[in-house]
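A.B. asks: Protein chains in written order, with my numbering: chain A, 18 to 133; chain B, 78 to 207.
Watch out, some of these pointers could steer you wrong.
Unchecked claim - Only part of the chain A face toward chain B is listed, based on derived beta-carbon distances under 7 Å: (1) Met18; (2) Lys20; (3) Arg27; (4) Gly46; (5) Phe89; (6) Ala110; (7) Ser111; (8) Asp125; (9) Ile131; (10) Thr132; (11) Leu133.
To be verified - Derived DEER-like restraints, expressed as beta-carbon distance ranges: (12) B:Gly162 / A:Gln76: 16 to 26 Å; (13) B:Gly106 / A:Lys77: 38 to 48 Å; (14) A:Asp70 / B:His108: 40 to 50 Å; (15) B:Ser126 / A:Met18: 36 to 46 Å; (16) B:Ala176 / A:Ala110: 39 to 49 Å; (17) A:Asp70 / B:Glu109: 28 to 38 Å.
I should point out that these hints are in silico values taken from the structure, not numbers from a laboratory. Here the structure is a predicted model, which means the values were calculated and not measured. Virtual Cβ for every residue (Gly too), placed ideally from N, Cα, C.
In case you want the letters, here they are:
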Amino acid sequence: MSKSLLVISRQAPWSGPGAREALDIVLAGGAFDLPIGLPFLDDGVFQLAPHQDAKAVQQKDLGANLQALGLFGIDEVFACHHSLAERGLTTPASAQPLDSAAISQLIDRYDQVITL
Amino acid sequence: MKFAIAVFCAAHAPSSRRALLFARAALAGGHEIVRLFFYQDGVYSASNSVVVPQDEQDIARQWREFVSAHQLDSVVCIAAALRRGVLNEEEAMRYQRSAVNLDAPWELSGLGQLHDAAQAADRLICFGGP
């Protein structure tokens, strides 16, 4: 059986290539049918904020990559409730909100963890 | 134990030196390193154009010597490397760039190599990142 991998995404979408590169690990894993979990934590939750205008900051939209998660069989997508609340964001439809205790359990449940 | 080691930071970052020390200790302890994978700014740890002052440690060179001496499987993510201007001869030619700063013992390849290593290893150990 394949080992499961949790990719904790902690960077804002417009702070550099970090958010995109974290997502690329997830999508590559999905392409190999690996069990991957994707929790958004800290500034990473900004990736889930609605109505983003990538063009206004001369960037490429990350939204298409996020929407591709389902196509790649990635359905374990989470958002840290505390991080969302701290930044005044409501819970997005695309991610399941988790409190700190649940995030700890999630990290325990997966075989391997990458934090980016 | 079989280790896969991922490096996400440049040679000048403390975590790159820690990754190198960990890798040395793993081999010294009789463990196996199934692959080293360099991603994000970690691609700079594999660059051979790094120059450091004489009284400082040249971690990029130490990485190169360590990987060569032990003939380790060492992969630099091609997408992350291209974005950051870390190119081997083939890629420099392909994109018509004048500088080549990556050669043996490094191999440029894709993210599948990270997943493959993580699957083959007992432990995936990451260094660097936010």
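A.B. asks: All the hints need checking, so say for each whether the structure fits it.
C.D. replies: To see whether the hints hold, each was checked on the structure:
no.: 1; hint: Met18; in the structure: 10 Å, violated
no.: 2; hint: Lys20; in the structure: 6 Å, holds
no.: 3; hint: Arg27; in the structure: 5 Å, holds
no.: 4; hint: Gly46; in the structure: 5 Å, holds
no.: 5; hint: Phe89; in the structure: 13 Å, violated
no.: 6; hint: Ala110; in the structure: 26 Å, violated
no.: 7; hint: Ser111; in the structure: 22 Å, violated
no.: 8; hint: Asp125; in the structure: 15 Å, violated
no.: 9; hint: Ile131; in the structure: 6 Å, holds
no.: 10; hint: Thr132; in the structure: 6 Å, holds
no.: 11; hint: Leu133; in the structure: 5 Å, holds
no.: 12; hint: B:Gly162 / A:Gln76: 16 to 26 Å; in the structure: 20 Å, holds
no.: 13; hint: B:Gly106 / A:Lys77: 38 to 48 Å; in the structure: 44 Å, holds
no.: 14; hint: A:Asp70 / B:His108: 40 to 50 Å; in the structure: 49 Å, holds
no.: 15; hint: B:Ser126 / A:Met18: 36 to 46 Å; in the structure: 43 Å, holds
no.: 16; hint: B:Ala176 / A:Ala110: 39 to 49 Å; in the structure: 46 Å, holds
no.: 17; hint: A:Asp70 / B:Glu109: 28 to 38 Å; in the structure: 49 Å, violated
Comparing the model with each numbered hint stated earlier shows that hints 1, 5, 6, 7, 8 and 17 do not hold.
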